[in-house]
Amino acid sequence: MNQFFSNIDAYQIWMATQETLWMLGGSLFFTLLFGLPLGVLLFLTGPRQLFAQKGFYAILSLITNILRSLPFIILMIVMIPITVLITGTSLGVAGAIPPLVVGATPFFARLVETALREVDRGIIEATQAMGATTKQIIFNALLPEARPGIIAATTVTAITLVSYTAMAGAVGAGGLGDLAIRYGYQRFQTDVMVVTVLLLLVLVQLLQSLGDRLVVHFSRK
Amino acid sequence: MIEFQQVYKTYAAKGREIQALKPIDLEIPAGRIYGLIGHSGAGKSTLLRLINRLEDPGGGRIKVAGQDVTQLNASELRAFRRQVGMIFQHFNLLSSQTVADNVALPLKLAGEFSRQQIRDKVQRLLQRVGLEDQANKYPAQLSGGQKQRVGIARALATDPKILLCDEATSALDPQTTAQVLDLLNEINRELGLTLVLITHEMDVIRRICDQVAVLDAGELVEQGPVSEVFLHPQHPTTQRFVQEAEQMNEEKLHEDFDRVEGRILRLTFKGETTYEPLLAEVARQTGVDFTLLAGRIDRIRDLPYGQLTVAFKGGDLEAARQRLQDAGVHLEELR
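Line order of the protein sequences matches chains A and B. Here the numbering used here is used: position 45 in the first sequence is 45, and no number is missing along the way. Here the numbering used here is used: position 227 in the second sequence is 227, and no number is missing along the way.
Derived from the structure by calculation, the hints contain no laboratory data. Keep in mind that a hint or two might mislead.
[What the hints assert, rightly or not] Derived list of chain A stretches under chain B, where covered just means 3 residues or more per stretch with a C-beta under 8 Å from a C-beta of chain B:
{"hint": "1", "stretch": "110-124"}
{"hint": "2", "stretch": "136-143"}
[As the list claims (entries may be wrong)] From chain A, some residues computed to sit far from chain B (all C-beta separations above 10 Å):
{"hint": "3", "residue": "Leu50"}
{"hint": "4", "residue": "Lys54"}
{"hint": "5", "residue": "Ala58"}
{"hint": "6", "residue": "Gly88"}
{"hint": "7", "residue": "Ser163"}
{"hint": "8", "residue": "Asp191"}
On a predicted model such as this, the values are computed, not experimentally measured, just so you know. The beta-carbon is built from N, C-alpha and C at its ideal position, and this holds for glycine as well.
Construct the complete structure from the given sequences, taking the supplied hints into account.
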């Protein structure tokens, strides 16, 4: 047993875990910050919605699709100059966050758009009939009604970000993914591979069950 | 009063213009319950939504209490909408909010009331609709009838002068429908609200409306007091609605006609004459014999009425006719 885990350096793994958590937390924060308004905008300007804007929606939709279809590893490399401009470096946790945010925001925005479309149109109509402003409709009716859906979208996005961070590890972001590649894969240290993958699995499990619990808690249907 | 002057509405669908409403003139008196009846797609839903401008007319004027609502700008429209409550077939309550929060929403949106004011108001509204003990439940925990009561409480929150009812009882069972209609009736009486309701059930019109307009394919085909339209429908569409409500089967009735002798008349009683022993009296005095073929004694809102299909045989029919007419009975010759 000890023999098998001979390559494990607890300190190194602890540092990598922290890096992964920082990357995840930071990128999730900014993804929600940009993705939620983008999702609302996509919803409102979409076909037959409150502010249906055919041309605007088509352009926004296209940009979203382009960013979503770009493989994440390519996106990271393409973004290096912009990343350096924003954070001063393309390496480490700071260098990973901008591409993670750009990669996950369109994904999250689409999920938000879908969650908002699930809201009964009658509820929007009823709120309009009360004399609500558009802002009031969004904050008092649409977002509260779509809350379980948005929480589910956040969960899916967080888990997607975990796998993105592992990929980011390949180009110098650090974290558990980086350990898995450099030690587990390139140096054939299977024990490191197993431990890092297990840790990532635990993280995903935790995120999923937390998200599911929140969805149940906020669902009143 | 709500006035429609040459109001029409067209939709563009697949490059074609579809006329949802042909130019309509209509006056809805204040403080009454006005019914709009029509089949689905007849334009009644559009007509209702033109009043609070959830839909915009293609042209014409819509005046509410003398104010032309087609000329309102965005903020005037929002203020106007607060004076018009609306309830819906599927209730349209926020599933994420409690009953109390749903009722509080219009007050919160108005932004003119303190928390304490809102709490007091919500409590009073829930008492009015008989749901004071359900305040902290979520809509999913309520029955259909209770949900519609929440809808009504919410619609009344901003003390509107008009209440629009969009098929408010169509999703409810007959017993619950009766309870909700009673509540609407009570609201009209006690608060003096103008109610405009749309439905595809003549029975709803009969029970609570003062006046009715019948819509067919975007056209207003008949309108007037319910006692007139319901008892003496002129347009084929109206006649069909009445037959449905009365569960009459014209064919079966005419088969029955073949089995009796003599003249067949439809007698319509309204008001107090409904309770008089008129038929027996007339039969005694004029020597006619009669057979009842079909009939119903009921009320149109508060007005008692009776409508009987009767076959008369022998005796002095002319004298009998005269006596019935003198007593205020409307006669219609069927054979």
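We went through each hint and held it up to the structure:
{"no.": "1", "hint": "110-124", "result": "holds (count 3)"}
{"no.": "2", "hint": "136-143", "result": "holds (count 3)"}
{"no.": "3", "hint": "Leu50", "result": "holds, 12 Å"}
{"no.": "4", "hint": "Lys54", "result": "holds, 14 Å"}
{"no.": "5", "hint": "Ala58", "result": "holds, 20 Å"}
{"no.": "6", "hint": "Gly88", "result": "holds, 43 Å"}
{"no.": "7", "hint": "Ser163", "result": "holds, 31 Å"}
{"no.": "8", "hint": "Asp191", "result": "holds, 48 Å"}
In this structure, every one of the numbered hints holds.
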